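2 protein chains.
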Amino acid sequence: MTQTTSKGRPLDDELTGRVLDEVRDALDDSGFVHLRIERVAAAVGCGKTAIYRRWPSKAELVAAAILDGIDSTPLPDSGDIVEDLVEHAWQHLSNFRPDGPRGSSRNGVLLSLFDVEVIPLISERYMKQRHANGREILDRGIARGQIGSELDQDLTLDAIAGFTLFRLSIKPDAKADSDAELKDSYRRLVRSLLHLPR
Amino acid sequence: MTQTTSKGRPLDDELTGRVLDEVRDALDDSGFVHLRIERVAAAVGCGKTAIYRRWPSKAELVAAAILDGIDSTPLPDSGDIVEDLVEHAWQHLSNFRPDGPRGSSRNGVLLSLFDVEVIPLISERYMKQRHANGREILDRGIARGQIGSELDQDLTLDAIAGFTLFRLSIKPDAKADSDAELKDSYRRLVRSLLHLPR
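In order, the protein sequences belong to chains Y and H. Read left to right, the first sequence gives residues 1 to 198 (our numbering). Read left to right, the second sequence gives residues 1 to 198 (our numbering).
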């Protein structure tokens, strides 16, 4: 995925990594509105044309910086629909936690996710795939007879994603919860959303 | 709630309203990081000391601007725990919707809510009371025998609040949903969280 600048210098993977690192630092320092691509280019020592060629807008660049390092881990498939959905939610939480990949939940970075120009890109490139994965888990559960087909899948998946968002933003410091306790909360949430007995 | 500036001019309710309006405009223009209290003071024609006396920090001022015009509507009490929780959630959604009080969900304003310095203030002054109201609704439901006492109340209320947050931020343009449909989604969400039949 290398690309050539106007001066012929390639924006190789190493340079790409440094650009996205620099963008995350800048977002933390002063947020989306005041991010200047010229300054990013100067900091990493490339031309701003090279950056604009690869990411045609600031929102594109920021979305890339947010999603960089976040892998689409394989779809959980343990045979147990509850455990699969818990694992699916846990992947999402882990991606954006303070100790997540590339520190991507540093406040300025997490904040930029909610920008009106950035949200549609994150929706398209991350949430959509997550939602599709969630539906696949639910469909498998229906095929196995673990849940009924009358379940409102969108509502179920949005409620799980919303709980994660709430824990990441409004209530990030519920420190009393260990990972095991938090995972157990997800388990109880999923069971109730699926109308399974406690 | 008037207060006197260092020059003896009162920061009366009318001026307070204009300060908070100006803060919301500034948040929309350039976000929390670049909000300058001097500029707010200059725009409304008061001294910055008057502003600092009333709100000792920028985070305090921003929290006041976010919560301004958001009333703590009376606790719903219809006798039906599901309808009461739906109404409770609907109050929260309405407060922060684009057409909510004083346009407080304009993107820059909604974004500021997630700032690390602002979140604890919003938690303390808004979320805490909402959570307490939610618990009161749940406790009444238990007393009436509508739900069992083994329910995880925090999880239930956080899941409802998270769904609202998700709809406000990541998925604000689920335009297909009319208010009636959205309210019905809340109804189904609440019933499943309470382990009530569909």
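It is worth saying that the hints were derived from the structure and are not from the lab. Computed from a prediction, not measured in an experiment: that's the story for all the values here. Please note that a few of the clues may not be correct.
Heads up, the list lumps identical chains together, so a pair's fine if it works in one copy or across two of them.
[Claimed, not checked] Simulated pairs of lysine-lysine, DSBU-like, Cα-Cα distance not exceeding 30 angstroms:
id, residue 1, residue 2
1, Lys183, Lys128
2, Lys183, Lys48
3, Lys171, Lys183
4, Lys171, Lys48
Hint by hint, which ones does the structure fall short of?
Violated hints: 2 and 4; rest satisfied.
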